[in-house]
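Keeping their order, the protein sequence lines are chains A and B.
Under UniProt numbering, the residues of the first sequence are numbered 1 to 426, in order.
Under UniProt numbering, the residues of the second sequence are numbered 1 to 410, in order.
To be clear, the hints were calculated from the coordinates, so they are not data collected in a lab.
Any given hint might turn out to be false.
Selected chain A positions facing chain B (in silico; Cβ < 10 angstroms) [said to hold, decoys possible]:
no.: 1; residue: Val72
no.: 2; residue: Ser74
no.: 3; residue: Gly130
no.: 4; residue: Gly132
no.: 5; residue: Phe165
no.: 6; residue: Arg166
no.: 7; residue: Ala274
no.: 8; residue: Glu282
no.: 9; residue: Val284
no.: 10; residue: Val289
no.: 11; residue: Leu304
The following label-pair restraints were derived from C-beta to C-beta distances [unchecked claim]:
no.: 12; chain 1: A; residue 1: Lys54; chain 2: B; residue 2: Glu76; range: 39 to 45 angstroms
no.: 13; chain 1: B; residue 1: Gly43; chain 2: A; residue 2: Asp66; range: 48 to 54 angstroms
no.: 14; chain 1: B; residue 1: Asp88; chain 2: A; residue 2: Glu385; range: 29 to 35 angstroms
no.: 15; chain 1: A; residue 1: Gln33; chain 2: B; residue 2: Asp21; range: 48 to 54 angstroms
no.: 16; chain 1: A; residue 1: Pro37; chain 2: B; residue 2: Ala11; range: 28 to 34 angstroms
no.: 17; chain 1: A; residue 1: Gly120; chain 2: B; residue 2: Asn125; range: 50 to 56 angstroms
no.: 18; chain 1: A; residue 1: Lys54; chain 2: B; residue 2: Asp62; range: 23 to 29 angstroms
no.: 19; chain 1: A; residue 1: Lys359; chain 2: B; residue 2: Pro70; range: 27 to 33 angstroms
no.: 20; chain 1: B; residue 1: Pro70; chain 2: A; residue 2: Ala356; range: 34 to 40 angstroms
no.: 21; chain 1: A; residue 1: Pro39; chain 2: B; residue 2: Lys373; range: 21 to 27 angstroms
no.: 22; chain 1: A; residue 1: Ser411; chain 2: B; residue 2: Asp319; range: 35 to 41 angstroms
no.: 23; chain 1: A; residue 1: Gly31; chain 2: B; residue 2: Asp89; range: 29 to 35 angstroms
no.: 24; chain 1: A; residue 1: Asp249; chain 2: B; residue 2: Gly123; range: 51 to 57 angstroms
no.: 25; chain 1: A; residue 1: Gly120; chain 2: B; residue 2: Asp89; range: 54 to 60 angstroms
If you want the footprint, here are the derived chain B segments under chain A, 3+ residues with CB under 8 angstroms [said to hold, decoys possible]:
no.: 26; segment: 63-71
no.: 27; segment: 104-111
no.: 28; segment: 136-146
no.: 29; segment: 268-279
no.: 30; segment: 298-312
no.: 31; segment: 325-331
Even for Gly, the Cβ is constructed at its ideal location relative to N, Cα and C.
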Amino acid sequence: SFLSTLTQTMKGSHPHHYSPALFLYSSWWGGVQMGPPDPILGVTEAFKRDTNPKKMNLGVGAYRDDQGKPFVLSCVRKAEALIAAKQLDKEYLPIGGLGEFTKACAQLALGADNEVLKSGRSITVQTISGTGSLRIGANFLSRFHGGPRDVYLPKPSWGNHTPIFRDAGMQLKAYRYYDPSTCGFDFKGALDDISKIPEQSVILLHACAHNPTGVDPKPEQWKEIADLVKKRNLLVFFDMAYQGFASGDIDRDAWSVRYFIEQGHNIVLSQSFAKNMGLYGERVGGFTVVCNDADEAKRVESQLKILIRPIYSNPPMNGARIATTILNTPDLRSLWLEEVHGMANRIIKMREQLVAGLKKEGSTHNWQHVIDQIGMFCFTGLKPEQVERLTKEFSVYMTKDGRISMAGVSSGNVGYLAHGIHAVTK
Amino acid sequence: MSVFCEVPQAAPVAVFKLTQDFNNDPFLKKVNLGVGAYRTDEGQPWVLPVVKKVEKIIVHDDRLNHEYLPILGLPEFRSAASKIALGDDSPAILENRVGAVQCLGGTGALKMGAEFLRRFYNGNNNTKTPVYVSAPTWENHNAVFANAGFEDVRPYKYWDAEKRGLDLAGFLGDLESCPEHSIFVLHACAHNPTGTDPTQEQWELIAEVMMRRKLFVFFDSAYQGFASGSLEKDAWAVRYFVSMGFEMFCAQSFSKNFGLYNERVGNLTVVARDADNLKRVLSQMEKIVRTTWSNPPAQGARIVATTLNSPELFIEWKDNVKTMADRVLLMREQLKAKLQALGTPGTWDHITEQIGMFSFTGLNPKQVEYMVKEKHIYLMASGRINMCGLTTKNIDYVAESIHEAVTTVQ
């Protein structure tokens, strides 16, 4: 045969290489370019290489305790012990995920007594954390949304929003959001831009703890936004990755979502349990569609399953089981609320200490935004050149846009950080 | 006015509907021969003893946390999993041209491979490249590739219903006549749903045509170890193709051979021409992963990595796998023996010649309907049965029912 003749010939002349194809053909992948390095990963790589004992990694988007260590919540460990004792099997979950989880997930977001849940006019599927939820949502909109293919993101938004929606076949546009002159919310600019969005377009809103700026609208501002969005007849896509983690209060953090629903918006919603339960690597999330009625919800559910099946068939059990156990076991739920409150409080305290530290250093700049912003991230207002100096001279690692992860700040290093920021901004 | 009022009701996935119907059936002697998951002789799911052991180790290890895995997954899982498929001493691994992407089950691995191929294979974003899947094949293969953007997913001849075996001539004919650079999804072993695999000689013929006609090799390996009881034997085809120098993908699932169905443990093994090509391929895989699930779930991969990387646990695992494979082989023997003893018309050799979890019984749709409706034995309309659903307690009932179906229903 063709192959065996070739193999014999090759073996004869090149005894150490006996794969004929290696000689005959060049690679299929010769034209594949090296993918651009991930900007955030790049920060972490550089941080790892740095030998300065005072170095700080403020790129990390995961919570750290006051010793700078990853934090596994006690309620999670307790839930894991309970689950282990049950000796459960490992049979496939349904495509839409663990039923108890999706129910608890929806209740957490909407409130257990929400009319939407009582009437059965929403559907929640378990997803691969926030990213998986956004992607399923994007795919669903791409296939079934009859309106324009444009998704309006706040400017700026989480870096991964754009490629997720794009890969799903949607197009990206933006509305003004962050005001660099105040390091706060550009309310006027947002309303102005939103008022011009074509009807039936999709608008993405961060429910709380906006990533990357930490700037959230105040309740009165949310009300006006909700009003305007309704006037423009826009489809609202809420991304809620930090419920509980922002203010420390799960109901307060979900207020915007619940308000919009109350006002009659049939929203779609992505939830993540990566941060608020510290379940990052277990990939726990949910995607919810609020419909007109239960029948519509059933039809939507059937189509979500059709979307999910050819991606990963059904979701992973472990994290969902942990989240469900916590949410549905009264003791664990109380413990969780305490721990989430604790995480949020530590962040808030670090914000306060950073500002106090800057004042102590003699900084004359207005750092109020550091305290006004909320959640894991802070848009310091530092310019790229200042960021570069902070990294080079002080080994403080952060992204070029001036964003720092407050989670990387501890009582042990907040003074050093204040010193460095003052040095590059005075 | 809802934006979604036009959304039509989608048909349920057949195999899950079957299980749902089974669950709702009050008949005492009902048997579920539908969905592909292993069952013990008591008809129960089986968490592998080695998995239980490793889970205890993990839950008591205070050094472990729930931090994000890297985008491509747990490194010690990826390399151990690829070694399982290719062999520890694989020249390709020694030549640093093998890499992997940890994915959500076998489905996730197929998905990542499909998305990569659609973007980068045979030109950029060439959605017209034909993707060939066996006739028949796992029903989700079509959807995975179609949803990744391929416009032309076609069947290649595979199952010969008349002789109840491989249609080799048809298969080779399709390989010879298809457009160059077509992508072929090959079942590494324990073909789903037919249980019919090419012999080694037949694989060699298949490989030759694929090499000559520059066709892309995409293996789906969901049953390694589970089919024959031997990891090496079940990986023979994959390793043969690697030794022939193909650049290829192999989607691996650890759902069945580790019984980790719901933890979604899969691995896309990439064999490239050289380390540089591999590097660029993996960098692009990262981008695809990032917009699909960002990074994969930790638990299942940890269990597999811990097991594969420990000499004692690895031996224990192989033993557990053999337990499963042996029970399936026993059920095959017994079913065939009983049908022969009953004098059921037709030949039943295919039941023991086929391998793995599934058997294409040869029952026609009417006979299947009889089995489901009259006998409360649930199997797929194609006549596919899951051998794991058979136990020493129900095998007589099933054999007798097949006998009835074959003799009374045409």
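Comparing the hints with the structure gives:
Nearest Cβ of chain B to the Cβ of A/Val72: about 5 angstroms, under the 10 angstroms cut. The hint holds. For A/Ser74, the interface hint is violated, since its Cβ never comes within 10 angstroms of a Cβ in chain B; the closest pair sits about 13 angstroms apart. Residue-level restraint check for A/Gly130 holds (minimum Cβ-Cβ distance to chain B is 8 angstroms; threshold 10 angstroms). Hint on A/Gly132 holds. Least Cβ distance to chain B is approximately 5 angstroms, under the 10 angstroms limit.
Satisfaction of the interface hint for A/Phe165 is found here, the shortest Cβ-Cβ separation to chain B being roughly 9 angstroms, below the 10 angstroms cut-off. Restraint check, A/Arg166 versus chain B: the minimum CB separation of about 8 angstroms is within 10 angstroms; hint holds. A hinted interface residue such as A/Ala274 counts as satisfied when its beta carbon comes closer than 10 angstroms to some beta carbon of chain B; here the least separation is about 8 angstroms, so the hint holds. Against a cut-off of 10 angstroms between C-beta atoms, the interface hint on A/Glu282 holds, since the closest Cβ of chain B lies about 6 angstroms away.
Using the Cβ-Cβ criterion of 10 angstroms, the hint placing A/Val284 at the interface with chain B is satisfied: the shortest such distance is roughly 9 angstroms. Here the hint on A/Val289 is kept, as its CB sits about 7 angstroms from the closest CB of chain B, short of 10 angstroms. Residue-level restraint check for A/Leu304 holds (minimum Cβ-Cβ distance to chain B is 9 angstroms; threshold 10 angstroms). Roughly 32 angstroms separates the CB atoms of A/Lys54 and B/Glu76, a value that falls outside the hinted 39 to 45 angstroms.
Between B/Gly43 and A/Asp66, the C-beta spacing of about 52 angstroms keeps the proposed range 48 to 54 angstroms intact. Between B/Asp88 and A/Glu385 the Cβ separation comes to about 52 angstroms, which falls outside the hinted range of 29 to 35 angstroms. One distance hint, 48 to 54 angstroms for the beta-carbon pair A/Gln33 and B/Asp21, holds here, with the actual separation near 50 angstroms. Taking 28 to 34 angstroms as the suggested C-beta distance range, the pair A/Pro37 and B/Ala11 does not conform, at roughly 44 angstroms.
The hinted window of 50 to 56 angstroms between A/Gly120 and B/Asn125 is violated, with their beta carbons roughly 42 angstroms apart. Here the CB-CB span from A/Lys54 to B/Asp62 is close to 28 angstroms, well matched to the stated 23 to 29 angstroms. In this structure the supplied range 27 to 33 angstroms is violated for A/Lys359 paired with B/Pro70, their Cβ-Cβ distance being about 40 angstroms. Under the hint 34 to 40 angstroms, the C-beta atoms of B/Pro70 and A/Ala356, about 37 angstroms apart, fit the expected range.
Judged by the Cβ atoms, the range 21 to 27 angstroms given for A/Pro39 and B/Lys373 is violated: they are separated by roughly 60 angstroms. At about 52 angstroms, the CB distance of A/Ser411 to B/Asp319 disagrees with the hint of 35 to 41 angstroms. Distance hint check for A/Gly31 and B/Asp89: the Cβ-Cβ separation is about 32 angstroms, which falls inside the suggested range of 29 to 35 angstroms. Taking the beta carbon of each, A/Asp249 and B/Gly123 are about 54 angstroms apart, inside 51 to 57 angstroms as hinted.
A/Gly120 and B/Asp89 have their C-beta atoms about 58 angstroms apart, which keeps the hinted 54 to 60 angstroms range intact. A stretch counts as covered by a chain when three or more of its residues have a beta carbon under 8 angstroms from one of that chain; for the segment 63-71 of chain B and chain A the count is 6, and the coverage holds. Coverage of the segment 104-111 of chain B by chain A holds [criterion: at least 3 residues with CB-CB distance below 8 angstroms; count 5]. For the segment 136-146 of chain B, the assignment as covered by chain A holds, since 4 residues bring a beta-carbon within under 8 angstroms of that chain's beta-carbons and 3 suffice.
Remark: the segment 268-279 of chain B is confirmed as covered by chain A, as 5 of its residues place a Cβ nearer than 8 angstroms to a Cβ of that chain, reaching the required three. A count of 3 residues in the segment 298-312 of chain B with a Cβ less than 8 angstroms from any Cβ of chain A is obtained; the coverage claim is therefore met, three being the minimum. Only residues whose C-beta sits within less than 8 angstroms of a C-beta in chain A count toward coverage, and the segment 325-331 of chain B has 0 of them, not enough to reach three; the restraint is violated.
Going through the hint list in order, the structure does not satisfy hints 2, 12, 14, 16, 17, 19, 21, 22 and 31.
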